[in-house]
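A.B. asks: Full structure from sequences and hints, please.
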Amino acid sequence: MRFFVLHPVIPNYPNAKFPGVIVYSEIYQVTGPVARFARDIAGQGYVVVAPSSYHNFVAWEPLPYDIKGTDDDNRLAIEYLLGFRACTGKIGATGMCLGGHLAFRAALDKRLARSGEIAGELVMVFGDNDNHVPLEGRDLIRSTLRGHGVTLTFIEIIEEQHAFIRDEFPKDRYNPAITKACFEWLLELFHRRFAMDLGDNDGKAVEIEDVC
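Counting along the sequence shown from 1, when you hit position 140 you're at 140 in the UniProt record's numbering, and nothing is skipped either side.
Each computed DMTMM-like pair below joins lysine to aspartate or glutamate, with the alpha-carbon atoms no more than 25 Å apart:
id	residue 1	residue 2
1	17	79
2	17	202
3	90	197
4	17	200
5	90	79
Hints are computed from structural coordinates only; laboratory data are not their basis.
C.D. replies: Here it is in structure tokens:
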């Protein structure tokens with residue numbers, strides 16, 4: 001499985017460690033919108049891995065927006081982060097479209113059947129008009145998780161359809177204001193539940209680079 005890896009570098013703190021985040025892609029693999037999403041999370045102080053989910057079926061490249069695919073597993077991504085030198089060992093997961101399902105699976109093996117075993121905290125965001133997960137499905141997800149006592153923030157965005165976070169062709173449903181709000185909900189959860197470890201300052205002077 002190919003991972004796209006992004007992580008912060010803080011001058012004078014060569015031993016800094018950061019929480020890990022798995023960013024699961026939409027069904028078209030690690031496209032431009034997914035890569036930008038992963039970069040923005042890494043910039044907030046996280047080691048981010050974005051797996052190429054269909055490694056058993058196709059190459060790692062992004063898929064054209066007219067081809068369907070299938071999901072794969074979480075174990076390799078989690079093991080990679082646990083073995084990454086700059087990771088604290090605290091791991092979260094997020095994703096859009098198919099990636100939302102995979103992020104859910106990071107906490108359990110079979111979606112709702114084992115939801116009572118979730119020990120972490122979830123934030124789930126849906127478009128109110130998303131026909132990929134219609135109202136009945138969202139109600140089932142919410143009621144089952146609540147019934148198992150899972151710590152859950154459940155958000156439904158009025159009038160939004162599927163793919164409102166994707167910031168490029170072809171759906172033309174991108175909503176930057178709502179996307180910004182969703183990103184803030186994500187960061188609130190990660191910042192509250194995780195913390196970076198800077199380690200000791202190495203005392204070295206910061207080199208000023210002459211770049212444009």
